[in-house]
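Enquirer: For the first sequence, the positions run 14 to 451 when my numbering is used.
No wet-lab data here; the hints were simulated from the structure. Note that the Cβ used here is the ideal one computed from N, Cα and C, for glycine as well. Hints are supplied without guarantee of correctness; some may be wrong.
[To be verified] Straight-line C-alpha distance at most 16 Å; calculated EDC-like pairs for lysine to aspartate or glutamate:
hint	residue 1	residue 2
1	K83	E95
2	K395	D368
3	K395	D366
[To be verified] Okay, the calculated beta carbon distance ranges per label pair:
hint	residue 1	residue 2	range
4	R65	D220	41 to 51 Å
5	G54	G392	40 to 50 Å
6	A245	Q79	37 to 47 Å
7	G176	I84	33 to 43 Å
8	R263	L203	20 to 30 Å
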Amino acid sequence: MSSPADLSTDPASGTRDFLPAAMAVRHRAFDTIRAVFDAHGFAPLDTPSFERLDVLTGKYGEEGDQLMFKILRRGEHEDTGEADLALRYDLTVPLARVVARYGSQLVTPFKRYHVAPVWRADRPGHGRYREFFQCDVDVVGSDSLVADASTIAAASDALAALGLEGFHVQLNSRKALRGLVAAHGIDPALETDTLVALDKLDKIGLDGVLAELDQRGIPGAAIDTLGSNLAASDPAEAVRERLESSADGRAGLAEVDTVASLLDDLVPGGTIGWSPVLARGLSYYTGPVWEFVHDGLDTTIASGGRYDGLVGMFSGNDLPATGSSLGIERILLLLAEQEQAPVGPDVVVTVMDDDGAADAMATAAELRAAGFSADLWVGTGKFGKQLKYADRRDARLAVIAGAREREAGTVAVKQLASGDQVTIERSALVDHVRSTLA
RNA sequence: GUGGCUGUAGCUCAGCUUGGUUAGAGCGUCUGGUUGUGAUCCAGAAGGCCGGGGGUUCAAGUCCCCUCAGCCACCCCA
Numbered sequence: 014m015s016s017p018a019d020l021s022t023d024p025a026s027g028t029r030d031f032l033p034a035a036m037a038v039r040h041r042a043f044d045t046i047r048a049v050f051d052a053h054g055f056a057p058l059d060t061p062s063f064e065r066l067d068v069l070t071g072k073y074g075e076e077g078d079q080l081m082f083k084i085l086r087r088g089e090h091e092d093t094g095e096a097d098l099a100l101r102y103d104l105t106v107p108l109a110r111v112v113a114r115y116g117s118q119l120v121t122p123f124k125r126y127h128v129a130p131v132w133r134a135d136r137p138g139h140g141r142y143r144e145f146f147q148c149d150v151d152v153v154g155s156d157s158l159v160a161d162a163s164t165i166a167a168a169s170d171a172l173a174a175l176g177l178e179g180f181h182v183q184l185n186s187r188k189a190l191r192g193l194v195a196a197h198g199i200d201p202a203l204e205t206d207t208l209v210a211l212d213k214l215d216k217i218g219l220d221g222v223l224a225e226l227d228q229r230g231i232p233g234a235a236i237d238t239l240g241s242n243l244a245a246s247d248p249a250e251a252v253r254e255r256l257e258s259s260a261d262g263r264a265g266l267a268e269v270d271t272v273a274s275l276l277d278d279l280v281p282g283g284t285i286g287w288s289p290v291l292a293r294g295l296s297y298y299t300g301p302v303w304e305f306v307h308d309g310l311d312t313t314i315a316s317g318g319r320y321d322g323l324v325g326m327f328s329g330n331d332l333p334a335t336g337s338s339l340g341i342e343r344i345l346l347l348l349a350e351q352e353q354a355p356v357g358p359d360v361v362v363t364v365m366d367d368d369g370a371a372d373a374m375a376t377a378a379e380l381r382a383a384g385f386s387a388d389l390w391v392g393t394g395k396f397g398k399q400l401k402y403a404d405r406r407d408a409r410l411a412v413i414a415g416a417r418e419r420e421a422g423t424v425a426v427k428q429l430a431s432g433d434q435v436t437i438e439r440s441a442l443v444d445h446v447r448s449t450l451a
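Make a model of the complete structure from these sequences and hints.
Expert: Rendered as structure tokens:
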């Protein structure tokens, strides 16, 4: 057993404590996002933070299985070291399970949003945690590309409502990617290797991609034709021509074009366009895939795609589905770089002496009933300390009622920012606060 | 998982190269500058087995090894 002095008080690696100042920012952001999703006609859903292990495994690809936080069996089986449960890795697979489980009870198409933490046993980094929140909007039960576009529109409206501008949506389709691989005569078995390399184009450049393709064993002839397509003066056009030669390629292009046209002017603060090499990591995507990329920091802030096969993995009957997910932690990181006004209570009610405590509680209650946030000093500290507390809480006003004020039927109200203080009739307090804070 | 950098007061860091009396600074905290006024000013105080373990040495915050943690890049991802 470790002694108290040996106990680290740091939160576990990749997790965070949210102190009040951070929580104010987070609550505001989550409220904004929920309001936008509501306005777009999506309904809230929540599911347990952990699922049966077999519900989660095999849905995300090999990488995902490794990064899952598994929960050991308990009771008489605890010695086996086996896991039978795991913390959810995303919000999409739980959605698929819910739809498979409650199918006919749900209104179809089922449009839901889900704001909740997920867990990944990943190595933490900048804007990357082992426990983090996702904000998902999905449509289950519609193969229409309007569904895909709806979730992209909701996500981009949410970003705009958060005050985030300057991003672009990169759009592609898994079908187009399959067509791309086929059109260059690459063995379908090498599809994943090919896509992983191509996906890095923005990051490591064309030469880097070609080198990695070679490393991953892609035939030289295919690398040459791919390279010449991507090096063309208009790579998108060159790839498009190539895709026209494959059925999958044509289907993928049609998806991309349709989704883009549906969204024409519906991406406030951003632009949308085809990105021929965007692949996305999760293995369950089947159709359109997209990523919201912040222009300045070149980081992904939201993403999504269509996953028509996922629900069928639970129910046996495929049900088309598509959705977008906001990377709220990265968005908050970006917003934090902008100046945030501190948010404290409107008023702190001070307590000059024990006789005034009941009066102070009543005063705070009265202010709350009038719609203000009112904090009340608790404790026995000196009066100067109470004002310091009010100042550090970033309160706008301090209400002061000592023996003098109480006897006179008055109350003093001090503005913390300016130091201005006035004494008014006690009965006029609410009106005074209202006009001062207006 | 691979490579590099960093761990000293609540926070941000100096000291380490050239081992040697009580390990420092700023900010924060607490107390005081008399009765009921914060954010400014002045004075004072508390607070550290120098991440942990081992080694070299008469002597280690300082040198060596191991370990843990954090940061950056890669991998992957939101």
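Enquirer: Now tell me if each hint is right for this structure.
Expert: Going through the hints against the structure:
no., hint, result
1, K83 to E95, "9 Å, holds"
2, K395 to D368, "15 Å, holds"
3, K395 to D366, "9 Å, holds"
4, R65 to D220: 41 to 51 Å, "46 Å, holds"
5, G54 to G392: 40 to 50 Å, "48 Å, holds"
6, A245 to Q79: 37 to 47 Å, "38 Å, holds"
7, G176 to I84: 33 to 43 Å, "38 Å, holds"
8, R263 to L203: 20 to 30 Å, "22 Å, holds"
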